[in-house]
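Those sequence lines, one after another, are chains A and B.
If you number the first sequence the way numbering that gives the first Met the number 0 does, the last residue is 209 and the count never jumps.
If you number the second sequence the way numbering that gives the first Met the number 0 does, the last residue is 209 and the count never jumps.
These are calculated hints, taken from the structure and not from any lab test.
Some clues are possibly wrong.
Repeated chains share a single entry, so a pair holds when one copy, or any two copies, can fit it.
[Said to hold, decoys possible] Here are the simulated DSSO-like cross-link-like pairs (lysine-lysine), alpha carbons at most 27 Å apart as the crow flies:
id, residue 1, residue 2
1, Lys72, Lys131
2, Lys85, Lys154
3, Lys129, Lys76
4, Lys166, Lys68
5, Lys129, Lys85
6, Lys27, Lys105
7, Lys72, Lys166
8, Lys68, Lys105
Protein chains: 2
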Amino acid sequence: MGKDSKVSITVIRRVPKYYGYLTELMEKGVSRISSQELSSLTGFTASQIRQDLNNFGGFGQQGYGYNVKELRKELGKILGLDRDYKVVLTGAGNLGNAIANYQGFKNAGFNIVGVFSRYSNINPNMKDIKIKPIEELEDFIRDNNISIGIITTSKDNAQEIANMYVKAGIKGIWNFAPIDLEVPEDVALETVRLSESLFTLSYFIQEDKS
Amino acid sequence: MGKDSKVSITVIRRVPKYYGYLTELMEKGVSRISSQELSSLTGFTASQIRQDLNNFGGFGQQGYGYNVKELRKELGKILGLDRDYKVVLTGAGNLGNAIANYQGFKNAGFNIVGVFSRYSNINPNMKDIKIKPIEELEDFIRDNNISIGIITTSKDNAQEIANMYVKAGIKGIWNFAPIDLEVPEDVALETVRLSESLFTLSYFIQEDKS
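Generate coordinates for the entire structure from the input sequences, incorporating the hints supplied.
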């Protein structure tokens with residue numbers, strides 16, 4: 000199945016969510032699921048789900064629903080999870096340490112092969128990972144065919160690191176610094192804004208009180 | 000300004016994003032901004048932004064735009080950021096360590112006053128934080144008027160911790176375990192799914208190639 004670039008970004012952004020739920024279902028041993036059941040899990044309407052999946056060819060069978068394993072596999076292909084990625088990470092603080100050591104990303108095919116920092120030995124906790132000096136970053140990216148760069152620096156350093164990533168030819172940046180980075184159009188950028196999620200929570204806590 | 004519970008959840012979810020951008024603008028010394036400029040920052044249309052902000056009373060002035068500091072302050076009130084929250088965290092691995100030590104949450108009024116783990120001394124890296132045994136969790140929540148519980152355990156333990164939080168009367172759960180937790184309707188739940196963001200990135204990297 001080829002990528003259809005006419006599929007809207009809003010649909011695309013729902014695919015990782017479907018994929019995540021299907022992974023949970025598979026791990027629980029569930030072998031098939033209706034769009035109705037997927038609806039109650041994901042919060043999207045059943046018709047929305049059928050419409051979304053039809054964008055990619057439609058994997059359901061009338062009266063049977065979706066085969067969890069097959070659907071997950073096909074959505075995984077769409078997301079590019081049927082291959083491995085070489086990844087670097089810059090910013091060896093606590094968050095960088097957590098991300099670099101998280102087994103889940105590795106299991107999904109994202110291999111962090113280099114961790115960089117402006118400071119040598121900034122985080123003695125990162126004992127299992129050798130931290131390389133930032134001066135070697137660009138050559139390392141070019142020499143090792145790195146496709147993704149993670150940024151876990153402070154927000155003051157994030158744009159500079161992004162610029163180095165871009166210059167060295169990286170294809171995608173996964174940014175955890177709380178700042179809106181500027182990158183060229185042909186470089187993909189995903190920024191994780193943890194505080195947005197926390198502030199949504201504090202809104203709803205108050206709601207309960209009113 | 001009171002909370003208007005008729006405002007839709009989709010609008011509410013955009014408020015933390017506005018708040019984040021306004022914080023960045025304020026830190027950069029920008030004092031006022033048009034809905035047009037906010038549009039190019041956030042990716043929402045200018046009319047969408049005006050409509051969203053009108054939901055809360057409308058803070059803009061024709062021909063002037065928005066006062067960054069004032070608008071940020073008002074949105075902060077809506078989000079409940081004009082007060083402090085007492086927070087506990089359970090799961091003292093690398094991610095728990097990163098979250099517990101992140102100064103940004105504290106600056107926003109979220110004070111992590113207790114860190115709990117099923118295992119004593121599981122993470123020797125967490126040297127600045129005393130880890131309490133999980134057996135003390137529920138009493139601690141009740142005795143200290145805790146409103147938010149963070150979960151950074153493995154996904155196998157997450158539901159059990161959520162149940163303890165609920166039982167002890169917590170108002171909101173911020174979950175980092177990659178699993179869909181079940182909580183009563185009067186408990187707010189926000190789940191951070193980092194892999195969704197990563198998988199969106201891998202989709203777009205491929206797109207470049209096709």
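Results of checking the hints against the structure:
no.: 1; hint: Lys72 to Lys131; in the structure: neither (36 Å within a copy, 42 Å between copies)
no.: 2; hint: Lys85 to Lys154; in the structure: both (24 Å within a copy, 26 Å between copies)
no.: 3; hint: Lys129 to Lys76; in the structure: neither (32 Å within a copy, 44 Å between copies)
no.: 4; hint: Lys166 to Lys68; in the structure: neither (39 Å within a copy, 36 Å between copies)
no.: 5; hint: Lys129 to Lys85; in the structure: within (16 Å within a copy, 36 Å between copies)
no.: 6; hint: Lys27 to Lys105; in the structure: within (21 Å within a copy, 37 Å between copies)
no.: 7; hint: Lys72 to Lys166; in the structure: neither (34 Å within a copy, 38 Å between copies)
no.: 8; hint: Lys68 to Lys105; in the structure: within (20 Å within a copy, 42 Å between copies)
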